[in-house]
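Numbering of the sequence shown is given in our numbering, commencing with residue 41 and proceeding in unit increments.
Worth double-checking, as some hints may not be accurate.
Claimed, not checked - In silico lysine-lysine, BS3-like type, Cα no more than 25 Å apart, as pairs:
#1 LYS294 <-> LYS165
#2 LYS312 <-> LYS157
#3 LYS199 <-> LYS290
#4 LYS185 <-> LYS152
#5 LYS165 <-> LYS70
#6 LYS189 <-> LYS294
#7 LYS294 <-> LYS282
#8 LYS282 <-> LYS107
#9 LYS194 <-> LYS282
#10 LYS155 <-> LYS185
#11 LYS152 <-> LYS107
#12 LYS185 <-> LYS157
#13 LYS194 <-> LYS300
#14 LYS194 <-> LYS312
#15 LYS70 <-> LYS121
#16 LYS298 <-> LYS189
#17 LYS152 <-> LYS305
#18 LYS199 <-> LYS121
#19 LYS298 <-> LYS157
#20 LYS152 <-> LYS312
#21 LYS189 <-> LYS300
#22 LYS298 <-> LYS314
Since the hints were derived computationally from the structure, they do not count as laboratory data.
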Amino acid sequence: MYRTKIKSTIVTLLIFNFFLSFAQNDFQGKAYYMSKTTVDMSNFGGGQLSEERKKQIADRMKSSLEKTYILTFNQSESLYKEEERLDTPGQGGGMRFSMMSATGGDQYKNLKEQKIKQEQEFFGKQFLISDSLQKLNWELGTETKTIGKYICFKATAIKTVEGFDFNSFRRPPRNNEKAKDSTNSDTKEVGAEKEEDTPREITVTAWYTPQIPVNQGPDVYWGLPGLILEVNADRTTILCSKIILNPSEKETLKAPSKGKLISQKEYDEIIKQKMEEMREMFRGRGGRGGGRPR
41 MYRTKIKSTI VTLLIFNFFL SFAQNDFQGK AYYMSKTTVD MSNFGGGQLS
91 EERKKQIADR MKSSLEKTYI LTFNQSESLY KEEERLDTPG QGGGMRFSMM
141 SATGGDQYKN LKEQKIKQEQ EFFGKQFLIS DSLQKLNWEL GTETKTIGKY
191 ICFKATAIKT VEGFDFNSFR RPPRNNEKAK DSTNSDTKEV GAEKEEDTPR
241 EITVTAWYTP QIPVNQGPDV YWGLPGLILE VNADRTTILC SKIILNPSEK
291 ETLKAPSKGK LISQKEYDEI IKQKMEEMRE MFRGRGGRGG GRPR
């Protein structure tokens, strides 16, 4: 109890000491983040791939799952975009997996208007997702750690996974695989479909610093009493590597405007429909293989 009061007092003092520095109207900052996502390869391809083949696929996906982003922010707005880089020779194959990646183009958050806009390319089509900011019920903890020169506090929340999820993309069973358990195969198929339709919940752990008292953060994360420097959500880790406060050259934060304007729900439906088409394609291939006469 006494320890909790001490840490609460420290937070209050930090916010007070730094508040004046961030109160000016022209305040702006830049934070650089490294985002890394791992994929569970154990069931990738329906468990039919060799370990060597899984490794080849994982290597080709690496460039799509490890990226660097820049968050430019002020008190009420932020622009989160991927840092441009040259592809390493031999890693170009990862691009073919980018169409299934959850990472999109430039993302703009406006905290005053509680709005988010993001450019997203999917299967060669450009979309502009415009929706309300997703609110997380953060639970503030007392645990601390230092990231760079900033004291950070821990916060956790439960988040509903939206949109396409790599872990849900598995090859449907072949016809002869279904026949292995003919007694209740229909029940299992229905159950699997219900499981896919049920939103998945994950625990999000964030580390924020009251030394930079803005409610901003990387990707879709925001709403804490300090800039979020680290996020751990399921298989994705986002970690801040550098911060520049009040850079000499200020950037105008503009919302992206390219692409067909749709809501997040509409975009999720487009992804779901396309994934179902791909599953049917795999089923068709499996059906021809399983039904071939000997």
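Each hint tested on the structure:
no. : hint              : in the structure
1   : LYS294 <-> LYS165 : holds (22 Å)
2   : LYS312 <-> LYS157 : holds (20 Å)
3   : LYS199 <-> LYS290 : violated (33 Å)
4   : LYS185 <-> LYS152 : violated (30 Å)
5   : LYS165 <-> LYS70  : violated (30 Å)
6   : LYS189 <-> LYS294 : violated (30 Å)
7   : LYS294 <-> LYS282 : holds (23 Å)
8   : LYS282 <-> LYS107 : holds (15 Å)
9   : LYS194 <-> LYS282 : holds (19 Å)
10  : LYS155 <-> LYS185 : violated (31 Å)
11  : LYS152 <-> LYS107 : violated (29 Å)
12  : LYS185 <-> LYS157 : violated (32 Å)
13  : LYS194 <-> LYS300 : violated (38 Å)
14  : LYS194 <-> LYS312 : violated (34 Å)
15  : LYS70 <-> LYS121  : holds (11 Å)
16  : LYS298 <-> LYS189 : violated (38 Å)
17  : LYS152 <-> LYS305 : holds (22 Å)
18  : LYS199 <-> LYS121 : holds (22 Å)
19  : LYS298 <-> LYS157 : holds (10 Å)
20  : LYS152 <-> LYS312 : violated (31 Å)
21  : LYS189 <-> LYS300 : violated (42 Å)
22  : LYS298 <-> LYS314 : holds (22 Å)
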